[in-house]
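Protein chains in written order, with my numbering: chain A, 18 to 268; chain B, 11 to 121; chain C, 387 to 922.
Just so you know, these hints were derived from the structure itself, not from any lab. All C-beta atoms, glycine included, are put in the ideal place defined by N, C-alpha and C. One or more of the hints may lead you astray.
[To be verified] Distance ranges between label pairs, derived from CB positions:
1) A/PHE162 to C/GLY512: 25 to 31 Å
2) B/PHE61 to C/ALA752: 42 to 48 Å
3) A/ASN234 to B/ALA38: 28 to 34 Å
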Amino acid sequence: MSDSQVIVHGAEKAGHHEHPSYQRHHFETTAQQFDATNFAMWIFLLTEIMFFGGLFMAYLIFRNWYYPAFVEGSHQLSMFWGTMNTTVLIVSSFTMAMGVWCAEKKLKNGLVWSLILTFLLGLGFLGIKSIEWTEKVEKHHVPGFHYSIQAFTNPASDPEVYKEYHDNPLPPDMAAHTQVYFFLYFAMTGMHALHMVIGVGILAVMIFLARAGAYTNGHFTFVENFGLYWHFVDIIWIFLYPLLYLISRHT
Amino acid sequence: MSEPHAHDNAAAHGEDEHHIVSWRVYLAIVLILLAATGTTAAVSYVDLGIFNAVVALAIGVTKATLVVLFFMHVKYSTKLTKLTVASGIFTFLVLIGMTLADYITRAWGNW
Amino acid sequence: MNYLSKEKGLLSWLLTGDHKRIAILYLISITFFFFIGGALAGLIRLELLTPQPDLMAADTYNKVFSMHGIIMVFLFLVPSVPATIGNFCLPMMVGAKDLALPKINLLSWYLYVAAGVLMLYTMIAGGVDTGWTFTTPLSTHYLNSHVISAGMAAFIAGFSSIFTGLNFIVTTHKMRAPGMTWFRLPLFVWSHYAASILMILGTPVLAISLVLIMLERVAGIGVFDPAKGGDPLLFQHLFWFYSHPAVYIMILPGMGVISEVVSTFARKRVFGYTAVAFSSVAIAVFAFFVWEHHMFIMGVSNYSTLVFSLLTMLVAVPSAIKIFNWTFTLYQGSITFETPMLYAFGFMGLFTIGGLTGVFLGTTGADIHLTETYFIVAHFHFVMVGGMLMAFLSGIHFWWPKMTGRMYPEKISQLAALITFLGFNLTFFPQFILGMMGMPRRYAAYPPEFQTLNVFSTAGATVLGVGYLLPILYLTWSLKYGEIAGGNPWQATGLEWQTQSPPLTENFPEIPIMDHEAYDYEWLERQREKEVPSVG
Ligand SMILES: [Cu+2]
Numbered sequence: 018m019s020d021s022q023v024i025v026h027g028a029e030k031a032g033h034h035e036h037p038s039y040q041r042h043h044f045e046t047t048a049q050q051f052d053a054t055n056f057a058m059w060i061f062l063l064t065e066i067m068f069f070g071g072l073f074m075a076y077l078i079f080r081n082w083y084y085p086a087f088v089e090g091s092h093q094l095s096m097f098w099g100t101m102n103t104t105v106l107i108v109s110s111f112t113m114a115m116g117v118w119c120a121e122k123k124l125k126n127g128l129v130w131s132l133i134l135t136f137l138l139g140l141g142f143l144g145i146k147s148i149e150w151t152e153k154v155e156k157h158h159v160p161g162f163h164y165s166i167q168a169f170t171n172p173a174s175d176p177e178v179y180k181e182y183h184d185n186p187l188p189p190d191m192a193a194h195t196q197v198y199f200f201l202y203f204a205m206t207g208m209h210a211l212h213m214v215i216g217v218g219i220l221a222v223m224i225f226l227a228r229a230g231a232y233t234n235g236h237f238t239f240v241e242n243f244g245l246y247w248h249f250v251d252i253i254w255i256f257l258y259p260l261l262y263l264i265s266r267h268t
Numbered sequence: 011m012s013e014p015h016a017h018d019n020a021a022a023h024g025e026d027e028h029h030i031v032s033w034r035v036y037l038a039i040v041l042i043l044l045a046a047t048g049t050t051a052a053v054s055y056v057d058l059g060i061f062n063a064v065v066a067l068a069i070g071v072t073k074a075t076l077v078v079l080f081f082m083h084v085k086y087s088t089k090l091t092k093l094t095v096a097s098g099i100f101t102f103l104v105l106i107g108m109t110l111a112d113y114i115t116r117a118w119g120n121w
Numbered sequence: 387m388n389y390l391s392k393e394k395g396l397l398s399w400l401l402t403g404d405h406k407r408i409a410i411l412y413l414i415s416i417t418f419f420f421f422i423g424g425a426l427a428g429l430i431r432l433e434l435l436t437p438q439p440d441l442m443a444a445d446t447y448n449k450v451f452s453m454h455g456i457i458m459v460f461l462f463l464v465p466s467v468p469a470t471i472g473n474f475c476l477p478m479m480v481g482a483k484d485l486a487l488p489k490i491n492l493l494s495w496y497l498y499v500a501a502g503v504l505m506l507y508t509m510i511a512g513g514v515d516t517g518w519t520f521t522t523p524l525s526t527h528y529l530n531s532h533v534i535s536a537g538m539a540a541f542i543a544g545f546s547s548i549f550t551g552l553n554f555i556v557t558t559h560k561m562r563a564p565g566m567t568w569f570r571l572p573l574f575v576w577s578h579y580a581a582s583i584l585m586i587l588g589t590p591v592l593a594i595s596l597v598l599i600m601l602e603r604v605a606g607i608g609v610f611d612p613a614k615g616g617d618p619l620l621f622q623h624l625f626w627f628y629s630h631p632a633v634y635i636m637i638l639p640g641m642g643v644i645s646e647v648v649s650t651f652a653r654k655r656v657f658g659y660t661a662v663a664f665s666s667v668a669i670a671v672f673a674f675f676v677w678e679h680h681m682f683i684m685g686v687s688n689y690s691t692l693v694f695s696l697l698t699m700l701v702a703v704p705s706a707i708k709i710f711n712w713t714f715t716l717y718q719g720s721i722t723f724e725t726p727m728l729y730a731f732g733f734m735g736l737f738t739i740g741g742l743t744g745v746f747l748g749t750t751g752a753d754i755h756l757t758e759t760y761f762i763v764a765h766f767h768f769v770m771v772g773g774m775l776m777a778f779l780s781g782i783h784f785w786w787p788k789m790t791g792r793m794y795p796e797k798i799s800q801l802a803a804l805i806t807f808l809g810f811n812l813t814f815f816p817q818f819i820l821g822m823m824g825m826p827r828r829y830a831a832y833p834p835e836f837q838t839l840n841v842f843s844t845a846g847a848t849v850l851g852v853g854y855l856l857p858i859l860y861l862t863w864s865l866k867y868g869e870i871a872g873g874n875p876w877q878a879t880g881l882e883w884q885t886q887s888p889p890l891t892e893n894f895p896e897i898p899i900m901d902h903e904a905y906d907y908e909w910l911e912r913q914r915e916k917e918v919p920s921v922g
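Produce the complete structure using the sequences and hints provided.
Structure follows, in structure tokens:
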């Protein structure tokens, strides 16, 4: 390359002009700091894609292997609560996006309210999820814990589901495979709910800090990155909803 | 100081010169998403055979794409972010595709 | 004043954000687990001295080799070069003050420690005997050992490696100094970048398969247990989707070390820089397409076997490109034989053998005969120990003056390198022959006709042990009595050598401007002619 120069010399010729207090010491500009942390969040989400990817693959394979069991297992889920939860989560994604928008526009009240709404919707989602899970516990559809195949060997014994789907009885070995369906159901919705719980927890802290004026001083990186996380969790549900609730309604 | 990094700086946009997506876009997207949810739920009541799954997943992919592009700002992001998203989807498809390469051809038996 | 002396006290280490201090923390913890894993290896070799299982019962032997594998893979090989040398050097090489996310970096170390503690607990509580592969349904159904805590430890160690990889990728993209274009990066950075891609995309798949194993054990459900309708091959697919790339997570950083060392001690720019850089990325991409070669005898489809076998041949190409380019770098170079270079030579020879035997194993016909024999054991030890460990030791010697400010004693360390090389060959070459003869792996007993070669192997392991103990002794000694190193004892070109040793807390007095290509020794000459004192 061109002729030599002492390699270590002032890139910071412009001197240390005023850095905002939130700029960490090892970054040169706030733009670099934002770019780096934002990119890091995306890389983390890549990891999450692959984490859920394994579960999706297991679901794909076992649904093809044990199709009748997965169909009748799926009939045990409530369309109402599933659709309800999808709606709740999509709206919460919207309120989160509005939160990011408010932070960018430095609207403190708007941000606080957006976060509170997101928080409440997140709790609502978890509440509905727990209603569904409780029903599974009551019907002995939790794999490994007093699991009962009665609803599948004798569908008429479960009148509520029977009057909607009129399922045929499954032979006992296929009925036993509904355990695989519910295992994956709990693994997938459980992993998803775990992400929701973490998200709701972080939201609670953020509401607190936002009221104290954090994020609306021009430094909204955290809100932006948390938003990415929240939307990602929403996307996982956008796929869980059709896979678990919708695609097996007809045999 | 001057630009801190060599390649990405052309597209660098930190908090200072950040592209702010209008709230109207967010509102439009959420309405589309809710409509799509209603559609996919309604379609699931019609027996389309194998196409139930196709339609449901197609709508799911569309919804996810909208969330990624607008809520997650990928439409307005750097090439690097777009590439990151693409590589995630690509690797996921490799996992699924290459595994299925085994599962599907297992039924073909031996040579 | 430097990064070691800036702050005092244990707390200043435990709460540090400095990538160099975290690298030192990692170095200490990794060395600890290396010697635990090594001691277990010693027990294995001791047991195999005689054909009868006389030192320990068969199930104890199962636990010993399982713990050896799990500890070495997850607690030593995966983090070895990246978390220590990579952590220390990568930010300096790109001309940054630190990694992009110092707190995440520290978190990564704490996760490693948590994983280590869980692993020690597993060992004390009675160990695990699944093999390092956690094979189902053995791990989920048939064993009553501590699978859950061992799996949890591997899970946590996985996240520690994810955070390291995440940090490297972000740093390489966003923290480069002015003038530091992608093609001016040292090849060490390229190979770490490629390894990081594998860490962030592969590791989560391992994580979820371990979670499923734990859930399956707790709930007694069979996703992987065929007796309950599960599919053990699904586990194999998920596991090897990570664990084949994991081989490259382990070896790629080592290749980065070799690029630096070979160039420095041949005093030449690495031949075909661009090809070597892209071969790292190519390895990272191909690595995701070949995992089924670990499953050829497990009942996967013949058709996919064919495809995966062909793809496995392909992944050998970028590795070969690297070996050829290093060799060409040596051609007409002014080679000197300092310790790092000796280890690098060891790497090049042994990794080539390890890699080529991998091609044998990727060939379906040969694989059926050779898999699950000592041929496999020899193959991956040539890659992991002959390759990776040699690279690790090469790197530790090479950057030791930078890390500590002191030189290691040259003569004795050259001797140690030689001992390691001889000991290694004596240990593992007989295992190739044993494998060809059909001695299966993972058994405490074997037919008497295999004894001679096993005695050779055990003898070699003893020599190897000496080779590994020596560096611990003289490197510790050098901390106090070693010669003062100065900023650039090797006259190397990387940015990390253009600052003082040990470096300042923020690496450089001012952010450097990169105004020359990587490995530009003429630039270095000109610097010296101008007699501009290097900084510090
Ligand atoms: Cu492999």
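Hint check results:
1. A/PHE162 to C/GLY512: 25 to 31 Å: holds (27 Å)
2. B/PHE61 to C/ALA752: 42 to 48 Å: Given about 46 Å between the Cβ atoms, the range holds.
3. A/ASN234 to B/ALA38: 28 to 34 Å: Holds, since A/ASN234 and B/ALA38 (Cβ atoms, about 29 Å apart) stay within the stated range.
Every hint from the earlier list agrees with this structure, and none is contradicted.
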